[in-house]
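Novice: We have chain G; now place chain H onto it with these hints.
There are 2 protein chains.
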Amino acid sequence: MLSDIVIIAQYFWISEASARMKSVSSSFRSSIQLTMKLFFSIALVVTIAGFIQAQTPSPSPLPYSAQTLTDLVRLQEAALQSDYALRQTRYLTNNIGPRLSGSAQAARAVEYVAEEMRREGFEVRLQKLMVPVWVRGAESGEVVEFPGMAPGTTQKIVLTALGGSISTPASGLVGEVVVVEDYEELSRLGREKVAGKIVLFNKRFDRQLASSGFGLAAYGQAVQYRFGGAMAAAPLGAIGVLVRSAGGSQNRLAHTGSMGYADGVPKIPAAAVSSEDADLLEHLVSEGKTRVKIVLTSRTLPDAPSHNVIADLIGSERPDEVVVVGGHLDSWDLGTGALDDAAGIAVSMQVLELVKRLGLRPKRTIRFVAFMNEENGGAGGRAYFDEVKGKLETQFAAIESDLGASRPLGVLFAGKSEALRFIEPLSRILSRQGASMLQLQAGGVGADIGPLTQAGVPSLAPYFNQQTYFNYHHTAADTFDKVDRKELAELGSLVAVLAYGLANVEGPLPR
Amino acid sequence: MLSDIVIIAQYFWISEASARMKSVSSSFRSSIQLTMKLFFSIALVVTIAGFIQAQTPSPSPLPYSAQTLTDLVRLQEAALQSDYALRQTRYLTNNIGPRLSGSAQAARAVEYVAEEMRREGFEVRLQKLMVPVWVRGAESGEVVEFPGMAPGTTQKIVLTALGGSISTPASGLVGEVVVVEDYEELSRLGREKVAGKIVLFNKRFDRQLASSGFGLAAYGQAVQYRFGGAMAAAPLGAIGVLVRSAGGSQNRLAHTGSMGYADGVPKIPAAAVSSEDADLLEHLVSEGKTRVKIVLTSRTLPDAPSHNVIADLIGSERPDEVVVVGGHLDSWDLGTGALDDAAGIAVSMQVLELVKRLGLRPKRTIRFVAFMNEENGGAGGRAYFDEVKGKLETQFAAIESDLGASRPLGVLFAGKSEALRFIEPLSRILSRQGASMLQLQAGGVGADIGPLTQAGVPSLAPYFNQQTYFNYHHTAADTFDKVDRKELAELGSLVAVLAYGLANVEGPLPR
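Line order of the protein sequences matches chains G and H. Residues 105 to 615 in our numbering are what the first sequence spells out, letter by letter. Residues 105 to 615 in our numbering are what the second sequence spells out, letter by letter.
Extracted from the complex, chain G is given alone in its bound form (with noise of 0.2 angstroms):
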């Protein structure tokens, strides 16, 4: 009975979505149409609030009460109207710039936006917390030796170091390709074949795959061998890696990313190398021997002491109960950041600065969590896990939003399938703005808040158009213009609607 009345109701919202879309995108509507609209949509939520409560048997009550779904309705109207997230992801890049852990740069990013948030009149704390501090230092590449090379030549490949790498001896380290697809190859050549030498892992990432908007999937293909690669090559004898990019990008950009060493397993130098370099090293090597040159000054300091950056606005029922929203503050350091994650911080600030000045008094506390060290260590989700653990009943849902800022097209949950039904009437307001889909997802939906999720917190995050992400993710082009105005401010939009609707859901989730 409940499902027919969604059903109806899903249709009701999506047909009324894409006329307001357009309103919604044009920049001069006047303040009377705003009204107008925004009176319009308060009726329409009102009527069918009533509607499917009237409607609906006692067992499931209607889990958000009609003042709850007006309000979400005029947060997703201001959100879709801000540019508030838009400013904070400009400063992050643009006057901050990359905020790997460790670095100056990440300390000023703590420090701004525990200022921001204390300026708009939240509870901030700073939680905090060692991170492992890698510098990248110079990096090159060149072949040395190849079939054809004329005298005296070489050629350039662009590489970059994978995070945590060790550095090459500083005169660089010389040796001879081998290349492989895969794991299995690498087992097939053995110990003979790649004893003293240089491994690439060739690897494609899956462009077809990321176009058809499976762009997590093709990532998950190719970045094993990102993450594995040195501990899988040491062991036969290999003196360095290089994995072809795990991204999609066709624009002589390597794509930086952890990698892993494992005690009792040498440790060799690990860099990434374009798709460009990766196809040429591999014409090279089918044609004859084949010799690349690689300096990396990498270092890897002591740990140091960061923050997690932690604001709440306390609820007015429930206050111990919190529905957390966060990104992670830190990026890596090729870029500025802007898709991986300052959007993501950007929107998960907006969401207290909007509820804040529509005057709206959420019932659970809504806590913003600017997690460090999402990139290489995730400290600040373990550092903010071990401080919940004990009394986890209090952590009443969590939304992270860590998958860049092109156009969300619904949300990804991961608990119960029981708790749907809580999230449901959240989707049917978000697919006015054309995001309905609502995925459940085994697993995870975003690495800091992970361990919540292990632990049984409801968790959420944007369902996200992949297509396009995964050619700036991790390289020097993940800056500022590749945030759309729109787009993040339909983000802001479901990020807001998710985190006060769940401030606000009558009765426990499943859990």
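It should be emphasised that the hints constitute simulated quantities derived from the structure, not laboratory data. Please note that a few of the clues may not be correct.
Derived DSBU-like pairs (lysine-lysine); straight-line CA-CA distance at most 30 angstroms [claimed, not checked]: (1) Lys397/H <-> Lys397/G; (2) Lys260/G <-> Lys260/H; (3) Lys493/H <-> Lys520/H; (4) Lys260/H <-> Lys590/G; (5) Lys260/H <-> Lys397/G.
All of these numbers come straight from a predicted model, not from anything done at the bench.
Specialist: Positioned in the frame of chain G, the structure of chain H alone reads:
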């Protein structure tokens, strides 16, 4: 009368073209199918040629014999199947690499192309000339003062020296940035606001114009600041120039290219910044004082000897009349010059290879010219012109391919409009592959053949799809993978049809 017949024939060809293109693109068709299709093509050409000849009044005899039309279709079919040009493009880019004038790679490229053409049995000679030798060296940029800057931090900016730029002091050039949109704004600011500063010319490359098909027009608007920026800013006391990249990349790539100095005007260092970094600087400068540090270690060495490579396929009836077909062998040094212009060289080499392989004998000589130094001087084009300028009647026509390897849509023609009727039958053949456009172009159609064009030699070039070329132009991402096998085959076919057609056209072209 003729025009009506031409139109009828054109429709016939065009509808035939779409059906045939499908078969051409299939790589699995049997040789029996191939033979049948070839027979059909020849029969069709003979029929149409006969039809047109029978109907054409005597003042305008058909400029191609039935045999030539038959041969042209054979040539087209073979070119669309050939991977010769692809292999040559790969060798020039992957096995030789960047080929900046005066470099060891450029010398190797001269040697390689000459060897290849000799091996095919053509008369090859190297035309000696002197080229400028400019060496890039190291280059880096950073913002060292900007609003919001955390103590001890800087922001990297991606830049690349413009070709010909002097170096900065070894310790770097540090200066406040002033941003202008164009020369007018520079003039308005005047010496008072410019002296002692680094000027950023922030003219945006019009991506919308480019993606609408007019990349060259977009480039033309933006490139004037690259070439002339330093000359315009130095007289006002500027100490350096940054130029927003004259290209469409949104991937943090700086587009290099040549720049100029003027006698009597101080030489100041000049570099291109990526569009992202131009945006960053514009934003920071709008908020307050912003200083950058630029390091360029580029050097200009004494001019050095280099060569055009010239290979002739001698004509059977008028060996002294020459149809030039070529591109430029040098390239910028950031990428491997695949689109600019290994592809143009490769398809031009292929014309001779194909004509010979098919056992065809053109009436006039088809001359392949690999021009040297198109990118930063034009010495090759001038040297060739100097050699032939006393006997220009021997230069029957000239074809240059130097705008990439994206899909050719037709032909650009620079010359007398009366000559168009000699090209139209070739366009009809090209319409079979979807390259039916024929556009009369004021001015030139290629830099190297520019002096010939100006002297009245009928000049032709492929009319390319220009939507993506300027995303890669003069960047590190101009690499082999950007060349699409099918599109290159279509380009090879177009150039072959033009060259062989003109080498066999009846009567002189109006000039």
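Novice: To test your reading of the hints: which numbers does this structure violate?
Specialist: Every hint satisfied by this model.
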